[in-house]
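Colleague: Chains as they are written, first to last, in the numbering used here: chain B, 839 to 1183; chain C, 839 to 1183; chain L, 839 to 1183; chain X, 839 to 1183.
Just to be clear, a hint being listed does not mean it is correct.
For chains that are exact copies, the list does not tell them apart, and a pair is met inside one copy or across any two.
[What the hints assert, rightly or not] Here are the simulated DSSO-like pairs of lysine-lysine, each with C-alpha atoms no more than 27 Å apart in a straight line:
no., residue 1, residue 2
1, 841, 1108
2, 1063, 1088
3, 1058, 977
4, 1090, 1042
5, 881, 1106
Derived from the structure by calculation, the hints contain no laboratory data.
There are 4 protein chains.
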Amino acid sequence: MKKIKVGIIGATGYAGVELVRLIATHPQAELAALSSVSYEGKKISEVYPNLKNICDYELENEDIVNKCDIIFTSLPHGLSEKFAKKCVEAGVKMIDLGADFRLDSADEYTRWYGKQYEEKALHDSAVYCIPELHRNNYKGQPIIGNPGCYPTSIALGLAPAMLDSLTVDNSIVIDSKSGVTGAGRGLADNTHYPNCNEAFAPYKVAAHRHTPEIEQTLSKLSGTKINVTFVPHLLPLNRGIVSTIYFNVKRKTIAQELHALYEQFYAKEKFVRVLKLGEVANLRNVKYSNYCDISVHYDDHTDRAVIVSTIDNMVKGAAGQAIQNMNLMFGLDEDCGLNFIPPAF
Amino acid sequence: MKKIKVGIIGATGYAGVELVRLIATHPQAELAALSSVSYEGKKISEVYPNLKNICDYELENEDIVNKCDIIFTSLPHGLSEKFAKKCVEAGVKMIDLGADFRLDSADEYTRWYGKQYEEKALHDSAVYCIPELHRNNYKGQPIIGNPGCYPTSIALGLAPAMLDSLTVDNSIVIDSKSGVTGAGRGLADNTHYPNCNEAFAPYKVAAHRHTPEIEQTLSKLSGTKINVTFVPHLLPLNRGIVSTIYFNVKRKTIAQELHALYEQFYAKEKFVRVLKLGEVANLRNVKYSNYCDISVHYDDHTDRAVIVSTIDNMVKGAAGQAIQNMNLMFGLDEDCGLNFIPPAF
Amino acid sequence: MKKIKVGIIGATGYAGVELVRLIATHPQAELAALSSVSYEGKKISEVYPNLKNICDYELENEDIVNKCDIIFTSLPHGLSEKFAKKCVEAGVKMIDLGADFRLDSADEYTRWYGKQYEEKALHDSAVYCIPELHRNNYKGQPIIGNPGCYPTSIALGLAPAMLDSLTVDNSIVIDSKSGVTGAGRGLADNTHYPNCNEAFAPYKVAAHRHTPEIEQTLSKLSGTKINVTFVPHLLPLNRGIVSTIYFNVKRKTIAQELHALYEQFYAKEKFVRVLKLGEVANLRNVKYSNYCDISVHYDDHTDRAVIVSTIDNMVKGAAGQAIQNMNLMFGLDEDCGLNFIPPAF
Amino acid sequence: MKKIKVGIIGATGYAGVELVRLIATHPQAELAALSSVSYEGKKISEVYPNLKNICDYELENEDIVNKCDIIFTSLPHGLSEKFAKKCVEAGVKMIDLGADFRLDSADEYTRWYGKQYEEKALHDSAVYCIPELHRNNYKGQPIIGNPGCYPTSIALGLAPAMLDSLTVDNSIVIDSKSGVTGAGRGLADNTHYPNCNEAFAPYKVAAHRHTPEIEQTLSKLSGTKINVTFVPHLLPLNRGIVSTIYFNVKRKTIAQELHALYEQFYAKEKFVRVLKLGEVANLRNVKYSNYCDISVHYDDHTDRAVIVSTIDNMVKGAAGQAIQNMNLMFGLDEDCGLNFIPPAF
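Please take these sequences and the hints and turn them into a complete structure.
Modeller: Right, here's the structure in full:
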């Protein structure tokens, strides 16, 4: 089979360069073009010296759509539509790692991102896809909206409970913690080393832009409008997200029953590992891999379930899941090129 | 005034050596004796070389009660009663930094710690004291049970709401995160550097021994039995606790009202700083100090309050609060010797 | 081709579990047996949950030699000879990641390790091998002594200069810094998180056991007895070694000439990347990979060269180089199974 | 005694805010005015929330010289002269924490900093002062050039050997490592958290601006022109410098003799602690304090001494030493307000 020609727009952002790394070892895909506004003309290995002698592609700032079978866009919100249009016109597939193709509701998009959907038709031909939950929604659409990092960890952590209508209305509290790569490559006071080393705090308390995406997924799963309280925190480490998810259960249950529900739901999913009852999910066990580890807990003195869901924000939360979606689009095995083993340390 | 003669039993544990550091600069107190089973005969500065030339006291393993006006015990649970007895008999005050004098209920103590209160009378003559909340309970008792680190951050974060009966029954969720010094000096797999660096996870999910202490305090404040879901996490940093506390509110409120309640409640408290609405508490701002910073947030789309409370687990969460309690016992200003300014980094 | 059957003795140590991870994706090798004294009967994924569903092999404590084509031993010094004997007798190849087959001189071994070479003949049939420097020394010997982590970074950093007889006698100073995984899995005070986080110091100053190995390699390269001052330091991070190497030059030179010497020497070596003049080697660019990055500097106001050499201590410094040696033994391309791309973060 | 009125120009830089913290508890000094160009009109506690309720001074951008008895300037190089002139004219003392009053040679200043000494007379009335080495040089000069962080650690680490003419010419190699606060408050790629966490590298190899300051001090101590190779590295931690210093010795010596030389030299110095032979200096033992810990080692197989010298770069390396110099200027005990005990963690 001829390898899939991959183009990355926004290749020097953190998700972009992670895509470069993962595509470079994908057995069925190859890098065809890398685009960057800021570093046009430089080699990507000059910007990221870890890639020296491995990927020395020159960064372009031209139209790379026609050189590719698929385009990954990894851009600030509001910039993906124009590339989507080009891709659709050229018959090139596209996966957007940004926020522009995640929300069904144009109003919600405007409310949270302050911009408009300019081309409504484009959004109708796009599908949001966490493969474990939505792969059946993929029916050849040209565009996939790749899920956000927090929403991926949360949707996977709540899906079995939502589908089982187990959660008490309005009882879901999500306390998430993310490594600093989640904030991206741009310099900022809160990611200056002495400011976030030996520091810890939440940010955008109950006001993070991933909230509508989380609620959209959960509402669809449960068939009813779900509101959640979502509070992200910045962890002093590079990679990984832990979402600790709390909800009250509608009917009397016990830990074993809850755990069995999760085990059964994910029994055939390679990338979701439901830990044994009594074990606790730790982000160190999924770092640098496409796994999502989930541990299930039950506080019987308050009748509240606690689910711990952890992913690598740059892999399952961004580039890895995007490749999983690419594999889905091209009819490859979903794990193709994604068999990274999380290191022990 | 003659300085208070201070003895520390368990001086080489983390809380113990932090007490040494703080007492060494206290204007009204002085170290009289340090006790350690493991390092008898060594200088404390041989065990902790940071103290070289500053505090070179020899560690004893004898009865130090009679040399002192007050004894701080910082020991594994179950070991403090015998020292308490000696202190009471000798007319020496005692502050226990361990768990043995925190719980009113002997049954709860047995349930969570697997041991008995051997001397019930001792516990009747002890008082549990977070000074900001309980200083009026101190009426000359010989023993103070110094609060735990998590419970301190949580009680201070919830007190205004509890006293105002604002919380919906059974809606309190507490997601706490602690630096590794909270696990103490003992070697363990989960505190081996490569295991907790670049790692993050909860532990003892809904099963931590601080739960009954938290519930005891909240129940007393609210006048009704309070159950909470409490999940602690281990943060990859040395010092500090952040508790993110969620609860539904009983009556319609708005962020401003909630914030005003907190500001008013702590208006005269030096060591509790209620941040302005919109600011977020960060443990970096309280490290190495006795401050508790609290930020107040309100998620109006779920009618849920979010309180962020942060302390230095070794200071306000242990040694600093113990000294605040010592000051209370001896009629000194509560902040005497505790005016440490948190460094910017 | 039938895959090489690999056995690992000491599989639950840090180098052992890293071998497991790397062998698990090697296209020409497969795990045949894992041995561990401490965890016999457990699955390796119970000890290292990152391996759950990926490698769930049970740990044995029996003779695994006969199940394998090659045995990797990763053991404390003094324990490898008995396995070497078994391997040689059974016609099974062996690579020792410990210290027992690195030193030619039995006296030096005794002096530094306090033990004897019991079976001298075994050592005669072993070869020490950093492939880039010693691959021609491999002539079918049954045993390879895999180099230590510090010595690998240092030998690669000094080889071009030594071969060119450029260094002034007795002028070599090596200041190395290693991440904490270098200290291994065992619990110790100096690797307890609060003791090594936000801390930094040298250890075993001019007295580290890697010194004779370093000097042996350098002496052979230069054809004269070389003594070095070697001071290792413990870095507060998980992985990686940086060796900053200083030496005076024998003849007048300039930075460009020195740099050209290095570039030429390593021109055909995939795993050694000589950076451009003006660039500085950083361990972040080689983490999780088999690369050694070297930058060349020259202080012309003291006529002293400064070479910065960095590797991942667990990959090129241990498991990766061991696999490179396995590939050499089995006539595979040296980079087979080792094409890990260092991540950008 | 009336308290010394202190003004800080550049109060929101890292050295500036550290000065604020230290002066705020100084028993004989008080903050009179804080100046900042970037944050004029804001309270310093809005910029550094750790200072909330402790120091809420408003930042000015006016002439604060006349309000003060002493001015600390903490500014990028080239900006201090104009304030020095004002201070001298107004009879106000000044301590410059920047680089403008450290070098005797105007040529060297121009060579390394690319600027001119505009007012030569000002420099004649300034004195460079590490109190332990130069206090006798202070004879009432109006301006003190406060030493750089690296040079302080190095000069203290080498002074006994230099005065004793023990070092072989041109044999001094200095490998220093600094925490990230040393790079200051400004945002930069190399201090973006994901770029320096789990990373390590030297920078400005043999080309750092502190080199002429180091050589100036050592040359004066030894009475002969000293050149050194100086290579700084960036450590992934907030505070502290470790300088590992290597030199060949001129005459046959032994470790004990070398150690005795150091012990004797610093016998009366409170802030320099020479560790026992066999101990190793670690920056964790001096953090947040004005101490310099020095350990002495000797590599007898190369006849090379190794000195490890560690300070907190923000205290003894900047604000603390500046206050020590202020105390000297005002005839106070040198340790006045500087008795901070380094915490154990």
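Colleague: Should residue 881 paired with residue 1106 be assigned to within, between, both, or neither, using CA atoms and 27 Å as the limit?
Modeller: Between copies only: 21 Å across, 41 Å inside.
Colleague: Please work out whether the CA atoms of residue 1058 and residue 977 approach to 27 Å or closer within one copy, between two copies, in both situations, or in neither?
Modeller: Within one copy only: 18 Å inside a chain, 58 Å across chains, cut-off 27 Å.
Colleague: Have a look at residue 841 and residue 1108 and pick one of within, between, both or neither, based on CA distance no larger than 27 Å.
Modeller: both (24 Å within a copy, 25 Å between copies)
Colleague: Which holds for residue 1090 with residue 1042 at a C-alpha limit of 27 Å: within a copy, between copies, both or neither?
Modeller: Answer is between: at 22 Å across copies they meet the 27 Å cutoff, but 34 Å inside does not.
Colleague: Between the shortest in-copy and the shortest cross-copy C-alpha distance, which are at most 27 Å for residue 1063 and residue 1088: within, between, both, or neither?
Modeller: Answer is both; intra-copy 16 Å and inter-copy 22 Å each pass.
Hint violations for this structure: none, all hints satisfied.
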